[in-house]
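Peer 1: Below are the chains, spelled out letter by letter.
Protein chains: 2
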Amino acid sequence: MVNTGEKQSPHHVVIVGGGFGGLYAAKSLAGASVKVTLIDKRNFHLFQPLLYQVATGALSPADISSPLRSVLSKNKNTKVLLGEVNDIDPQAQKVFMGDEEIDYDSLILATGAKHSYFGKDDWEEFAPGLKTVEDAIQMRHRIFMAFEAAEKETDPEKRSRWLTFVIVGGGPTGVELAGAIAELAYRTLKEDFRNINTSETRVLLLEGLDRILPPFAAELSREAEISLSKLGVTVKPKALVTNIEDDIVTIKQGDEVTQIGAKTVLWAAGVKASPLGKVLAERTGVECDRAGRVIVEPDLSIKGYPNIFVIGDLAHFAHQNGKPLPGVAPVAMQQGEYVASVIKQKLNTQPLARFHYIDRGSLAVIGQNSAVVDLGFIKFTGFVAWLFWLLIHIYFLIEFDNKLLVMIQWGWNYFTHNRRARLITGKESLQNIASENSDNFYVKGKNTQAISV
Amino acid sequence: MVNTGEKQSPHHVVIVGGGFGGLYAAKSLAGASVKVTLIDKRNFHLFQPLLYQVATGALSPADISSPLRSVLSKNKNTKVLLGEVNDIDPQAQKVFMGDEEIDYDSLILATGAKHSYFGKDDWEEFAPGLKTVEDAIQMRHRIFMAFEAAEKETDPEKRSRWLTFVIVGGGPTGVELAGAIAELAYRTLKEDFRNINTSETRVLLLEGLDRILPPFAAELSREAEISLSKLGVTVKPKALVTNIEDDIVTIKQGDEVTQIGAKTVLWAAGVKASPLGKVLAERTGVECDRAGRVIVEPDLSIKGYPNIFVIGDLAHFAHQNGKPLPGVAPVAMQQGEYVASVIKQKLNTQPLARFHYIDRGSLAVIGQNSAVVDLGFIKFTGFVAWLFWLLIHIYFLIEFDNKLLVMIQWGWNYFTHNRRARLITGKESLQNIASENSDNFYVKGKNTQAISV
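Protein chains in written order, with our numbering: chain X, 1 to 453; chain P, 1 to 453.
It is possible that part of the hints are untrue.
Where chain X lies over chain P, by a calculated footprint (3+ residues, C-beta under 8 angstroms) [claimed, not checked]:
no., stretch
1, 35-46
2, 103-110
3, 144-155
No more than 16 angstroms apart at the CA atoms, straight line, and that leaves these computed lysine to aspartate or glutamate pairs for EDC-like [said to hold, decoys possible]:
no., chain 1, residue 1, chain 2, residue 2
4, P, 94, P, 282
5, P, 27, X, 192
6, P, 27, P, 337
7, X, 41, X, 84
8, P, 74, X, 192
9, P, 230, P, 245
10, P, 272, P, 124
11, P, 35, P, 124
12, X, 35, X, 103
13, X, 152, P, 101
14, X, 158, X, 125
15, P, 152, X, 101
16, X, 74, P, 191
17, X, 35, X, 84
18, P, 152, X, 246
19, P, 76, X, 192
20, X, 76, P, 191
21, P, 230, P, 200
22, P, 238, P, 282
23, X, 79, P, 191
24, X, 152, P, 100
25, X, 94, X, 105
26, X, 74, P, 192
27, X, 152, P, 99
28, X, 152, P, 337
29, P, 76, X, 122
30, X, 158, X, 247
31, P, 152, X, 99
32, P, 41, P, 134
33, X, 120, X, 246
34, P, 79, X, 192
35, P, 152, X, 84
36, X, 158, X, 100
37, X, 79, P, 192
38, P, 120, P, 245
39, X, 74, X, 89
40, P, 74, X, 191
Because the hints were derived from the structure by calculation, they are not lab data.
Just so we're clear, the structure is a prediction, and the values are computed from it rather than from any experiment.
Cβ atoms here follow ideal geometry from the backbone N, Cα and C, with glycine treated the same way.
Make a model of the complete structure from these sequences and hints.
Peer 2: As structure tokens, this is what we get:
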């Protein structure tokens with residue numbers, strides 16, 4: 001469609017998903033002569049890289065969320081709709097939210113991914129993952145409730161299970177969670193209990209491969225492991241989880257099978273793409289990879305449909321070096337901006353360049369004063385890496401919403417070792433801890449859907 | 001029991017409830033030669049006077065909560081227990097949490113109050129109250145979801161119902177809620193929607209008596225009403241609510257019956273004491289008033305049991321001027337401190353003074369730059385009153401936990417008119433808004449317990 005300058009209904013871009021990909025696409029279309037509709041099932045953008053800080057009581061959900069309407073209020077060509085897209089008609093150029101339908105000229109799908117249990121969906125009950133605000137609140141609930149239950153437990157064996165935390169998956173999220181829980185147990189909560197000694201807490205980090213942080217250079221993985229050990233985390237590489245039950249995790253390292261008694265198991269291992277990818281595949285015949293990601297063309301459109309784009313964690317883009325791009329925020333942001341420019345260029349009949357991801361490096365935080373940074377041309381660890389991590393995150397946090405508060409809160413936590421957001425909330429599950437038979441209150445809690453706040 | 005200085009098990013004070021009363025009692029017993037156990041079903045103290053700011057998206061729950069263990073971590077004679085006391089044996093001097101029992105020498109009950117619908121419990125579904133963090137999150141959900149639903153609604157009559165907010169009860173909470181919703185609609189959200197004009201929002205404040213803020217002097221009620229009108233709130237005095245349904249509130253003013261079409265009704269009218277009061281009455285024969293509050297002696301103990309004390313919103317203390325003391329934080333704090341000193345004095349066989357409440361005045365905030373303050377000897381309104389309100393709240397907030405952040409957040413909101421904590425969360429209820437038949441999604445949301453975060 002060519003912008004002829006004549007009076008006509010403007011080109012309508014529908015963006016599904018307000019994560020990094022969708023939001024950057026919308027922001028990049030701000031001044032363009034298009035009409036934009038951003039659809040999300042949430043009214044806020046979530047800064048997922050910091051979700052582990054909500055899960056461990058350092059920040060509140062609102063600290064890492066920005067209302068989508070407020071972020072886009074100045075974009076007068078943009079409308080935000082709260083709703084969940086569950087179907088697409090690529091021939092009629094429509095998306096559906098239940099009975100409601102919306103026409104599009106260009107469609108950008110950016111609905112991301114959720115955690116995956118590699119087919120062992122029954123593990124979810126015992127080992128929650130971390131993708132949404134609700135996930136983080138449930139994790140926070142479990143972590144803090146575990147210390148409360150240990151404080152009440154008189155049987156030493158059961159008490160030790162309450163004080164054992166197993167994190168499955170040694171990627172950045174797993175490393176960050178393990179480090180944060182260790183700091184919590186050995187520092188923040190040290191003076192708070194009377195019956196238990198929180199320094200008896202065990203934090204185990206399991207990784208299936210031979211080292212943690214596999215996307216980083218090997219020397220950084222080693223540095224990270226040393227830093228985690230100093231914090232008190234036991235790192236177990238080459239550890240395959242073969243079973244997760246109520247309070248036992250079974251792992252296999254080589255031929256050795258070990259059972260770990262642990263009440264709190266946190267899942268930071270696999271992800272799978274949002275179900276909208278499969279729907280798109282059914283409607284268009286496009287292929288998905290094993291994780292459900294949509295295989296995209298060099299310009300991020302899909303085969304046969306040059307006006308449908310898939311970006312971020314939902315996309316499988318392997319045109320750079322044969323390997324699909326990783327599911328990280330910078331990929332999604334760059335893809336969002338790229339697709340916005342493709343649409344603008346098409347309207348002006350300009351030639352297109354294919355998408356090229358500029359990898360500026362990887363970073364992961366381990367604990368206070370400790371992080372690993374791999375920028376390719378330079379690698380560094382320790383305090384400087386931690387400062388670098390801090391600055392990068394503050395930069396991106398304040399980009400669309402002034403998150404000065406997060407910075408102040410971090411400053412405060414840094415000097416006091418305190419964590420303010422340690423609320424255990426949700427009506428039903430709390431009452432169960434009062435009973436001596438507290439072993440299975442998570443199960444009860446789960447049935448009554450008592451997670452909250 | 002006299003402290004003879006001989007080696008013996010120390011006097012055990014059990015405090016039930018970590019609100020203002022219980023926490024001040026515990027803090028006052030810090031250095032005393034007693035053992036203290038504080039039991040609460042939550043792991044945090046909630047600064048209830050600011051709960052309306054969570055309900056209207058200005059603060060996060062953690063901003064007004066302090067972990068009880070952290071507040072009391074320096075009190076080495078004090079133990080915190082997470083649990084709910086559901087029975088008392090005053091003869092055996094025990095309290096029960098399910099099967100668990102705890103012996104006491106002195107007992108302080110401070111479990112507070114919850115909202116009450118004067119026997120019309122079916123109204124709760126349509127008109128939630130504001131006592132807990134979950135209540136505030138549910139209110140926040142309803143308020144922000146109403147604007148989202150209005151944005152989607154094409155029928156003008158239905159849209160107007162989504163944009164009508166009715167607050168029942170013209171006490172401080174009702175006034176604060178009404179003012180905050182008006183500021184939200186007319187200021188914060190002004191630029192955020194494309195189909196609706198949020199300045200068409202109607203905010204109605206209903207009060208059964210002839211003026212709002214009845215505990216204040218009449219001229220302050222008048223000033224508050226003028227300030228609310230300027231903000232855009234319609235105040236309806238002498239308005240009795242006779243029915244609340246899904247989207248209709250029926251009121252009676254004199255002989256006139258009016259039906260108001262409103263999707264969002266918030267309850268700020270009545271409270272009743274926590275059920276532990278009734279349990280105590282059954283076990284000891286002590287009397288309760290109509291609101292379920294325990295009638296206490298001049299020293300806040302109960303008749304026949306000099307070692308059982310009832311304080312705060314759970315207590316009915318009418319020894320000062322015949323009228324029971326109001327259910328406000330200063331009463332609870334002073335009673336907590338008083339009971340702590342009674343217990344210490346008893347142990348030292350010192351004479352006791354009866355409890356005397358020092359009323360330092362009442363204050364309520366109406367909106368930005370506007371509040372009413374009644375100190376008895378002086379009354380003032382407007383900006384100076386608002387500053388005074390701010391200082392008092394900051395003073396008490398930082399007393400046990402450094403809540404510098406709240407101050408900074410307020411500063412930020414003040415200059416930007418923004419409200420950061422505008423998250424709509426909870427999985428199930430959100431999906432329903434996508435369907436055109438969005439009229440009854442609250443009911444669905446309620447059934448699936450989808451409130452959270």
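Peer 1: Which numbered hints are broken by the structure, listed smallest first?
Peer 2: Violated hints: 2, 9, 11, 14, 17, 18, 22, 28, 29, 36, 39; rest satisfied.
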